[in-house]
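Asks: Here the protein sequences come in this chain order: G and F.
Each step along the first sequence adds one to the number in the working numbering, with nothing skipped, and position 131 is 131.
Each step along the second sequence adds one to the number in the working numbering, with nothing skipped, and position 58 is 58.
Just so you know, the hints here were simulated from the structure itself, not pulled from any lab data.
The structure presented is a predicted model; accordingly, all values stated were derived computationally and were not measured.
It is possible that part of the hints are untrue.
Here are the simulated lysine to any residue pairs, SDA-like style, with alpha carbons at most 20 Å apart [as the list claims (entries may be wrong)]: (1) G:K103 x G:A122; (2) G:K198 x F:N90; (3) F:K2 x F:E108; (4) F:K75 x F:N12; (5) G:K196 x F:P111; (6) G:K196 x F:N90; (7) F:K2 x G:R144; (8) G:K196 x F:I113; (9) G:K198 x F:R110; (10) G:K212 x F:N12; (11) F:K75 x F:P50; (12) G:K198 x F:D114; (13) G:K196 x G:E70; (14) F:K87 x G:P209; (15) G:K212 x F:D91; (16) G:K198 x F:S65; (17) G:K198 x F:K75; (18) F:K87 x G:R52; (19) G:K198 x F:N12; (20) G:K196 x F:N12; (21) F:K87 x G:L214; (22) F:K87 x G:P205; (23) F:K2 x G:P205; (24) G:K212 x F:K2; (25) F:K2 x G:A202; (26) F:K2 x G:D201; (27) F:K87 x G:G63; (28) G:K196 x G:M357; (29) F:K87 x G:E70; (30) F:K87 x G:V85; (31) F:K87 x G:R146; (32) F:K87 x G:P154; (33) G:K196 x F:L48.
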Amino acid sequence: MTEDAAARSGSIEDSGGEVRHVGNSANPARETEEVAGRIRETVDSVYRSESRRVLATLIRLLGDFDLAEEAMQDAIATALEKWPVEGVPANPRSWLISTGRFKAIDRLRRRSRHDVALASLADRFDESTTSADLVDEDGVGDDRLRLIFTCCHPALNPDAQIALTLREVCGLTTEQVARAFLTPAPTLAQRIVRAKAKIRDARIPYQIPSRKDLPGRVDSVLHVVYLVFNEGYSASSGDSLTRPDLSTEAIRLGRLIVELLAEPEATGLLALMLLHDSRRAARTSSTGELILLERQDRSLWNRELIDEGAQLVEHALSSRRFGPYTLQAAIAAVHAEARDAGSTDWAQIVGLYDVLMRLEPSAVIELNRAAAIAMRDGPERGLVLIDALLEAGELKDYHLAHAAKADLCRRLGRKADAAASYRRALALSSQEPERRFLENCLRELPGAGQKDLRS
Amino acid sequence: MKYLCLIYENENAWNELSKEQSDGVMAEYNTFTEEIGKSGHLLGGEALQPTASATTVRMRNGKVSTTDGPFAETKEQLGGYYLVEAKDLNDAIQVAARIPAARNGAIEVRPVIDFSQQ
């Protein structure tokens, strides 16, 4: 995997020297250099905009991820050789696809000198595809969906689904994915190799699911996007609160899915991500400290993202086929409308949580609902609910449940209880900015001295 | 492509069924087997006697050793299998999901190696 990544960037950088013979003006050397630079730029930009589509189609044509990746690298290298001489083709994408396919057949033929099976495979590819297949625009859109559904196939390990999607669909290198998830690169490469082997050996098909299977399969695709976004928005561990690169990838992926697939929940998820992302600048202080929603400087919220998100929410809601993502987006939209925490329409938020609970009951949603009720009806009412939730056990090790309880105790003036809950939350949290935030809360409790902090 | 669908179930649960209930389940299996025969999926399949009847055999240092019982004690036991021909994993999953035991137990779907393609 690592080599692929190197080859991918290398093939663009290194092959520039091939263009020596072009141009016949007074200063051929300089002109040649300029042409080479322009061609390299063109290939670079075609690579950025088309490589994922080219790869998705090559995987369909060749039926093999690794062979398709090699074929694409070959095609790019060939483009750097030929385009300076022959000019950039009218349709660079289909040029790259058909060149990639020929290169793959070539590779198979070379490897197959001693292998009859490979030779017949090469023959099959040679005969099976006409050039009409290669340039079909709808087909290309479908290929990207096929790639998404294959990478997010529920028969693959969930971690592998995420890694494969980021690598194959988004074009991140193995190293980038590894860094984003704080996983050693060899571990991640291993995960990808295993997933590709399973796709091949168990014959996970490269296809868009049938109508009947679509809802369940869309769920697992959206879940992958949601997990990527969440890891970017609220990193589960490490020094930094957010990893914007992952959020950006998730939003890009979300847009792609909305573009390719008319599913209200895909629209709802995109809205949810945009509305959360709109608060990014307000969520942390200049020193990297976490700032809670109610204390955020709302003038820092990104209005453009809010407007787009709110529009998408309405669109998804009006379909009447919405689900949990759309409802969460609707809640985020209500927050976005309010000038401050006090003037938020908490009754509407509680109502949306009620619907969400019916659709997808979970302890975390119940916790959020309890916090909203505390805002609507006062801290006592919220505290009763949170105590009951902690009692039930499922959330007893969830730091945010204890932090929420601490906050309500603080508002009720129950300092000792608040301090105890902040300490419990602190003991359970492994993310640095969050820990500093909780330490701050503890320090700011009226009457809480250094002694409290240390105990 | 061939897939082996291994049926895992708590075999004790079977004993707790009334005659009527177990007849019902058997009828379901018969219907299912007939259906996947018609659709061209069925290559073979058998039900197994409970693990109490199992003998585990090993050859060590040239000597055969036999032990009473299954290879591993598990909460759910291998109780039978279907060998099916399916277009791809999605097709095989669709077949496996219709095996009556999928509702209480679990079906492990394993692709079969085709040595002629190696």
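Asks: If a hint holds in the structure, say so; if it does not, say that too.
Replies: Status of each hint after checking the structure:
no. : hint            : in the structure
1   : G:K103 x G:A122 : holds, 11 Å
2   : G:K198 x F:N90  : holds, 13 Å
3   : F:K2 x F:E108   : holds, 14 Å
4   : F:K75 x F:N12   : holds, 10 Å
5   : G:K196 x F:P111 : holds, 15 Å
6   : G:K196 x F:N90  : holds, 16 Å
7   : F:K2 x G:R144   : violated, 28 Å
8   : G:K196 x F:I113 : holds, 16 Å
9   : G:K198 x F:R110 : holds, 11 Å
10  : G:K212 x F:N12  : violated, 35 Å
11  : F:K75 x F:P50   : holds, 13 Å
12  : G:K198 x F:D114 : holds, 15 Å
13  : G:K196 x G:E70  : holds, 15 Å
14  : F:K87 x G:P209  : holds, 14 Å
15  : G:K212 x F:D91  : holds, 13 Å
16  : G:K198 x F:S65  : violated, 35 Å
17  : G:K198 x F:K75  : violated, 27 Å
18  : F:K87 x G:R52   : violated, 27 Å
19  : G:K198 x F:N12  : violated, 34 Å
20  : G:K196 x F:N12  : violated, 39 Å
21  : F:K87 x G:L214  : holds, 18 Å
22  : F:K87 x G:P205  : holds, 9 Å
23  : F:K2 x G:P205   : holds, 14 Å
24  : G:K212 x F:K2   : violated, 24 Å
25  : F:K2 x G:A202   : holds, 10 Å
26  : F:K2 x G:D201   : holds, 11 Å
27  : F:K87 x G:G63   : holds, 14 Å
28  : G:K196 x G:M357 : violated, 37 Å
29  : F:K87 x G:E70   : violated, 27 Å
30  : F:K87 x G:V85   : violated, 46 Å
31  : F:K87 x G:R146  : holds, 17 Å
32  : F:K87 x G:P154  : holds, 18 Å
33  : G:K196 x F:L48  : violated, 34 Å
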